[in-house]
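Undergrad: Given chain P, put chain W in place with the hints provided.
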Amino acid sequence: MKREYEIGLIINPETADEEAEKIKTSITDILKKGKGTIENIDEWGRKALAYPIEKHKEGIYVFIKTMSPGDVIAAVERRLKLNEKVMRFIVIRIDDKFRKTNKLVKKWEKIEKFSKKPGGDSDRERHSERHTPRPKPVTDNTEVKTPVTDTKVKETPVEKKVEVKVEEKIEKKIEKEVVEKTVKKPDVKEELIEEKKVEPKKEKESEVEKETEKKVVTKKTEKKVVTKEKKVEKETVEEKTDVVETAKEKPVKTKKVPAKKTTKKAVDKTEAKTEEEVENAETK
Amino acid sequence: MQRPNKPSRPSRFPKKQYFSKKKYCSFCKDRIRLIDYKKSSDLENYILETGKILPARVTGTCAYHQKQLSKAIKQARHMALVKFIESRRG
Numbered sequence: 001m002k003r004e005y006e007i008g009l010i011i012n013p014e015t016a017d018e019e020a021e022k023i024k025t026s027i028t029d030i031l032k033k034g035k036g037t038i039e040n041i042d043e044w045g046r047k048a049l050a051y052p053i054e055k056h057k058e059g060i061y062v063f064i065k066t067m068s069p070g071d072v073i074a075a076v077e078r079r080l081k082l083n084e085k086v087m088r089f090i091v092i093r094i095d096d097k098f099r100k101t102n103k104l105v106k107k108w109e110k111i112e113k114f115s116k117k118p119g120g121d122s123d124r125e126r127h128s129e130r131h132t133p134r135p136k137p138v139t140d141n142t143e144v145k146t147p148v149t150d151t152k153v154k155e156t157p158v159e160k161k162v163e164v165k166v167e168e169k170i171e172k173k174i175e176k177e178v179v180e181k182t183v184k185k186p187d188v189k190e191e192l193i194e195e196k197k198v199e200p201k202k203e204k205e206s207e208v209e210k211e212t213e214k215k216v217v218t219k220k221t222e223k224k225v226v227t228k229e230k231k232v233e234k235e236t237v238e239e240k241t242d243v244v245e246t247a248k249e250k251p252v253k254t255k256k257v258p259a260k261k262t263t264k265k266a267v268d269k270t271e272a273k274t275e276e277e278v279e280n281a282e283t284k
Numbered sequence: 001m002q003r004p005n006k007p008s009r010p011s012r013f014p015k016k017q018y019f020s021k022k023k024y025c026s027f028c029k030d031r032i033r034l035i036d037y038k039k040s041s042d043l044e045n046y047i048l049e050t051g052k053i054l055p056a057r058v059t060g061t062c063a064y065h066q067k068q069l070s071k072a073i074k075q076a077r078h079m080a081l082v083k084f085i086e087s088r089r090g
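Note that the protein sequences, when read in sequence, are chains P and W.
Number 228 in this note's numbering belongs to position 228 of the first sequence; there are no gaps in the numbering.
Number 26 in this note's numbering belongs to position 26 of the second sequence; there are no gaps in the numbering.
One chain only, chain P, in its complex shape:
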């Protein structure tokens, strides 16, 4: 069974670099013969020691990481003990528990799920975790988190459509209201302007004055009343226009008819008879 080991060496600084490499290669050869794999080799070179070893203040540091069976490691240890140029050596087994998921790692993963920031205060997060109601199994949390994003993605178009519909409705309503309240005034004005054009010049001024007075009154009164009055105004104005038209037509006829009659009759008949006939015609 292969396991991960780390071998550390401190080689005597008096040895030459070539000899130090020989020691290193000899170890690697043993490991490779025993079906071991060398993962990493760290060479620090000559480095000051924290305390003197064998009256040396320096040492050549070499670290070798391997995946190899335990028997081979034991053979390497035997070889290193016999070697006089190796001042110190250490063999450390890195347990499987450090490579696989761990209780602590699971805790960290849980904290990372709850925490917004990737690297926050773990204690504070744990503290908050304690006080928050304990969540259902972790799968639920992931499910709860994912749909939020999905709903954001999915709901936005639906909401937009709804909003658009609502906006259309609102716009229509607003338009209706505007037509009822505000837009009526210009309509009335336009009608008035049209009426002014139709009306004769003599009657224009008097009617305009009346209309202006009415406007002033309407502006002061409430809106509902305004609408009602405007409707009334429209009707009245229409009636007035009819009256005006009738008034126009009648006098024109009366004026024309007697003039023609007078001219014709004056030529044909006497003045006295003509006057009586004219009066009769007028009455008719």
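Hints are computed from structural coordinates only; laboratory data are not their basis.
Note that the Cβ used here is the ideal one computed from N, Cα and C, for glycine as well.
Hints may contain errors.
[What the hints assert, rightly or not] With a Cα cut of at most 16 Å, we get these calculated EDC-like pairs of lysine to aspartate or glutamate:
{"id": "1", "chain 1": "W", "residue 1": "Lys38", "chain 2": "P", "residue 2": "Glu43"}
{"id": "2", "chain 1": "W", "residue 1": "Lys39", "chain 2": "P", "residue 2": "Glu43"}
{"id": "3", "chain 1": "P", "residue 1": "Lys32", "chain 2": "P", "residue 2": "Glu58"}
{"id": "4", "chain 1": "W", "residue 1": "Lys38", "chain 2": "P", "residue 2": "Asp42"}
[To be verified] With the Cβ distance kept under 8 Å, some of the chain P side facing chain W (calculated, not the full set):
{"id": "5", "residue": "Phe63"}
{"id": "6", "residue": "Leu104"}
{"id": "7", "residue": "Val105"}
TA: Just chain W now, kept in the frame of chain P:
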């Protein structure tokens, strides 16, 4: 006769209140699974000047990491990366 309730008299020698930052395990914060004995610079923060290992009660490291740390310091001492004792003069 009912005596009115006396207001609680402040104690003559009030308890001294010390405020300090909450301790936390720095290894947990950095999400370190295995403490490496080769990084002597990290280990030196958990050693006194005399070379003693600081207790977790002082540093705030969790038990999981304190076990590893004490082991790593001992391994580093063996490899002359960390001193055993403060070297005396002379």
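Undergrad: For each hint, tell me whether it holds in the structure or not.
TA: Here is how each hint holds up against the structure:
1. Distance check on the hinted pair: Lys38 (chain W) and Glu43 (chain P) sit about 12 Å apart at the alpha-carbon level, within 16 Å; holds.
2. Between Lys39 (chain W) and Glu43 (chain P), the direct Cα distance comes to roughly 14 Å. Compliance with the 16 Å bound is thereby established for this hinted pair.
3. Between Lys32 (chain P) and Glu58 (chain P), the direct Cα distance comes to roughly 30 Å. Violation of the 16 Å bound is thereby established for this hinted pair.
4. Proximity of Lys38 (chain W) to Asp42 (chain P) is assessed by CA-CA distance (about 11 Å); at most 16 Å being required, the pair is judged to hold.
5. Given hint, Phe63 (chain P) at the interface with chain W, holds; its Cβ is 7 Å from that chain's nearest Cβ, closer than 8 Å.
6. At its closest, the beta carbon of Leu104 (chain P) sits 6 Å from a beta carbon of chain W; the interface hint therefore holds under the 8 Å criterion.
7. The interface hint given for Val105 (chain P) holds, since its Cβ lies 7 Å from the closest Cβ of chain W, which is under the 8 Å cut-off.
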